[in-house]
Amino acid sequence: MADPAPAPPRDPRSDVMPDYSVGSAAAYVVDLAARLSVTEDQARGFAVANWNFEHQSAVEAWEEHQASFQEARRLEEEERQRQEEEARHLREEEERLRQAEEDQRRQEAEDARREREPNQEQTASTFTFPKIGQELVSTRADYGITEYALTALRDPTKLVDFWYFTHEGCEEARKLALASVADDVSAGLHGKLDPTTNTFSFMRVSAAGKPSRNAAPDASLTLRQLSEAKQVFGKYAKQSGWDEAHIQAFVVLIMRLESHDAPRRYPEFGERALVRPQLSQTSPSSMKAVSMTSPRT
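Counting in this note's numbering, the sequence shown tops out at residue 297, every number present.
What the hints contain is simulated information worked out from the structure, not anything from laboratory work.
Do not rely on the hints blindly, as some may be mistaken.
[What the hints assert, rightly or not] When the alpha-carbon atoms are kept at most 16 Å apart in a straight line, the in silico EDC-like pairs for lysine to aspartate or glutamate are as follows: (1) Lys235 x Asp111; (2) Lys238 x Asp155; (3) Lys235 x Glu115; (4) Lys158 x Glu147; (5) Lys210 x Asp155; (6) Lys210 x Glu147; (7) Lys175 x Glu147.
I would like the entire structure built from these sequences, with the hints used as guidance.
Structure, rendered in structure tokens:
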């Protein structure tokens with residue numbers, strides 16, 4: 001926007017009409033009377049009227065220029081503020097995108113690390129027995145989620161909390177499996193030697209088939225728990241006969257929650273406000289009946 005013309009050098013409102021009865025002003029009246037062929041009083045009246053007209057015109061022009069100048073300044077200030085606001089929004093958006101990319105890289109690195117390390121759901125704990133003959137015999141106890149969670153996941157009439165697929169839920173399943181194996185080892189019960197692998201497999205599970213007292217409602221889980229649990233849930237839901245579209249829908253929901261900027265912008269309550277309404281309405285429990293009764297494609 002072009003700057004307005006500079007303001008007049010002075011304010012004409014303070015100008016004072018000259019005294020046409022003395023000095024150069026009186027001489028001007030005499031000359032005017034001669035040129036117009038009128039009396040000096042008439043010429044003086046013409047001079048006064050002309051001065052008043054020119055003075056009023058000058059005042060009006062000055063005031064109009066001042067109003068135009070102030071309006072231009074106001075518009076210039078508004079434009080400056082608008083540009084600053086746009087720049088601020090751009091910086092915030094760039095920061096949000098940078099944070100989202102950083103979170104994605106961190107998640108990809110974590111996923112890659114988990115793929116390189118033994119999977120908790122597929123590995124086994126090994127216990128060494130004394131030698132039998134000249135061979136060393138070991139035991140394997142497979143664990144992932146608890147028997148209770150797996151049974152509930154497969155049964156359309158039962159509800160299963162998403163907590164069972166979190167790190168805490170899988171860790172509890174691991175401890176229950178290890179405790180069961182330890183009991184079997186100490187008692188020498190239910191063991192079966194596989195001659196092809198030289199391995200004892202123990203099948204007895206006790207507390208693993210019951211609901212956990214530590215299970216938390218879906219809406220109370222943190223984003224960290226949801227992020228850790230989505231892949232475990234997807235694997236076991238698929239094995240349990242869930243429709244692929246419903247599994248993907250829930251995984252995508254969790255990914256969208258992970259990338260949302262509410263927890264970063266409002267650290268005190270953003271995560272809770274983001275997770276509660278979503279997980280109260282959309283959870284493995286609420287989706288199961290629809291998923292397992294829908295025709296498979």
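Inset, instruction - State the violated hints by number, sorted upward, taking the hints as numbered earlier in the document. - result: When the structure is compared with the hints, none of them turns out to be violated.
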